[in-house]
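Asks: The hints should help you fit chain G onto chain H, whose structure is shown.
Protein chains in written order, with full-length UniProt numbering: chain H, 1 to 478; chain G, 1 to 307.
It should be emphasised that the hints constitute simulated quantities derived from the structure, not laboratory data.
Distance condition first, Cα-Cα at most 30 Å in a straight line; then the derived DSS-like pairs of lysine-lysine:
no.: 1; chain 1: H; residue 1: 353; chain 2: G; residue 2: 271
no.: 2; chain 1: G; residue 1: 103; chain 2: H; residue 2: 33
no.: 3; chain 1: H; residue 1: 379; chain 2: G; residue 2: 137
no.: 4; chain 1: H; residue 1: 379; chain 2: G; residue 2: 134
no.: 5; chain 1: H; residue 1: 353; chain 2: G; residue 2: 137
no.: 6; chain 1: H; residue 1: 353; chain 2: H; residue 2: 253
no.: 7; chain 1: H; residue 1: 353; chain 2: G; residue 2: 283
no.: 8; chain 1: G; residue 1: 103; chain 2: H; residue 2: 108
no.: 9; chain 1: G; residue 1: 236; chain 2: H; residue 2: 353
Listed here are the chains, written in short residue letters.
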Amino acid sequence: MSATRTDSVHPPSLQASSLDTEKHIKYWLRCLKSPLPHHYISNDSNRMCIAFFIYSALDILNVLDASVTPTERAEHVDWVYRCQLPEGGFRMFPGSGFGKLRNEQNRKWDPPTLPATFFAIQTLAVMKDDFHRLNKRGILEWLPKLQREDGSFGQMLIDGVIEGGHDSRFGYMATGVRWMLRGTVEGSLDGIPDIDMEGFCHCVEESQTYDGGISEAPFHEAHAGFEFCATSALSLLGRLPQSSNTALEVPSKGLTQLDSTVQWLVSRQTATLDEEDEFDTNSDETDTSMTCHDSHSFVKLRSFPSKAGEMSYQDRSTAHFELQWAGFNGRPNKVADTCYAWWVYGTLSILNKQHLVDAEACRRYLLDKAQHMIGGFGKMPGDPPDIYHSFLGLATLALQPESGLKGFDPALCITKEAKQYIESLQWRKAAISGASDSLNSSLSSTSSESTNTTSQSTISSDSPNIEKNFSYLAISGG
Amino acid sequence: MGLYSESPDWADIEPIPQDEGGPNPLAAIHYSEEYSEAMGYLRAVMARNEMSSRALALTEDIIDMNPAHYTIWLYRAEILFAIKADLHQELEWLNETALAHQKNYQIWNHRQTVVDRVGSPAGEAEFIARMFEKDAKNYHVWSYRQWLVRRFDLWEKGELEDVELLLKHDIRNNSAWNHRWFIVFGRDDSAVAGDVIQREMDYAKDAIRLAPQNQSPWNYLKGVTRRAGNPMSSLKDFASEFASIERPNEVRSSYALDLLAEIYSQESDGKLDAAVALDLLAKHYDPIRANYWNYRKALLEQPATAA
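Excised from the complex, chain H in its bound form (with noise of 0.2 Å):
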């Protein structure tokens, strides 16, 4: 039988939930034409990640096009370029750039760094950049070195050590890049050695918790990013299994307890908004059979287990109004948070099990709880937007989908249109298919055959900025 809900559940509301998408983009273009204000100071170092938050999310809106002139946008083309390194891959923020100093000695301080890697290519990916610029080879050539023997990636090479944390954030970002740069193609391409994917996903597998989610490292407390980084990954990889619309059939490597992993995402969604919800029901008289819900909202979805409440509930749905509202948490007996919509319900769209929770209640939750009043969306119900959330409530809402928003592919976490670009790139197919020479840079390479015209339009004005950069790259040594 199909899982469909009765309609009990859902009493008409008051007012139709909508998307305010103006507003949304007046907010996007503000952050994309204007300085950031100063409390943006502590993402300095994150500035890559905030320019693909800023591009994809003017994309998913579908003003790309509307909003930034061709000349603009080579030159935000120019400024993601300005980020990479002569020896590969690129840095997150220009802050750390010592300009004509850089040198053996001191460009340590100066690195690559997989998460700016990453959102540089997917960025160009938004911008429909035909890569031409893109040091392929050099990423490529670097992604293994950063893979640690337990088979987990880091963030940064620094003097030849593996810096960063352990967890399955970096091996998704690593998987990305990959599958962005050569696809799911395995072994040696090109003569480029491929990343460790049995280690990688031995790494999941060990992360696996006894509770049925994903942690950042064995025995560390399940948490719903590190889920999503995980399960993407392997998607990234070809490593997920086929769904189907019977239980999921197990994987020898990886994530070899779907069932439970999929019952832990399930069980991630809550009426639980806000710290008020947060009350210890321990002994009290609402912990009571009429009372039995998600724990921390019950207080409120039935704060009087009156004659008449009790009443209500001998016929028909213990469904209540608050239930029409509900976000997701990250992690048992906390309270929801716009950003982990994104990493569950995305998680569960990569599994194809979506459907299984209740997507309606998140969307009311997104649009009328942390929706703001001057676009984008809060942390939490009431709180100001900012960029993360904003994008994070946006691009779940796509994925469910949004009428007005284009379609998205969670694993990658770019429009279902940024990735059909990247498959179109003809030096990436050539690649896949084993070409030689076909990842490597060259001004001379004719390798883009994209038929985009935006993309066109960038290469022809953008073409003196070219030989700048590399003039660029040649002072900077390396």
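Replies: The following block gives chain G in isolation, referenced to the frame of chain H:
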């Protein structure tokens, strides 16, 4: 003009300005003058690989404004060791910085580097307690604590007792439950003894009796059962204390119903009972997840797959 440009201590340094490299930078930030200036000097000393106490002080200033700067921490560590700075003083400073920047994770990497070099966990438990006063579920702190336990062999140095205290304060603190699991089952050499398994089962059961609608101890109980190699059906009597399909109005825990549904589904003639339990969940006790419970119900009709 600024803290550094006017200081005689910095007179020999030519700051390196930030190069955006073009007219249209992305994600440009309205920098404060203090930040711009300090960053200019940081680039200059980093470019010289300068290992000095003034550079150390400068990193402090910038970390305060931008703790997510990913190489400044490594630079700082290198300086600390190069100039043989007082590492206890470093920890004092780190305490305040971590308390001020709860969400930052680079701090914890750095703390690990420093404490590893110091070679002693003295004072760490007190500091962790201070962090937990602000947020007893801080993921970075718990991860760091696991490292501490492993690094200094603290398995039997009050960890279980501390977890119990935290759970006494908040029986729903899933991070504390997870730490308990780590302490009991995370030791490399451990074949966990039968009486320990029993102790853990009892602990989880007591917690459930205290607050039946709490997913953390249910997950723990099921985890211990699985780890011990016992069938879920061994929990049938216990789960029945909180839910019974015979008395659908007296269910005290949706997690008990879920467990019963799982147990029934494995019994040769239990499919119908499992369906009743799943129906109760979908319609009455956990309607947020109605789609999931209905999916589980549909799976009952399928030939058995891996459990």
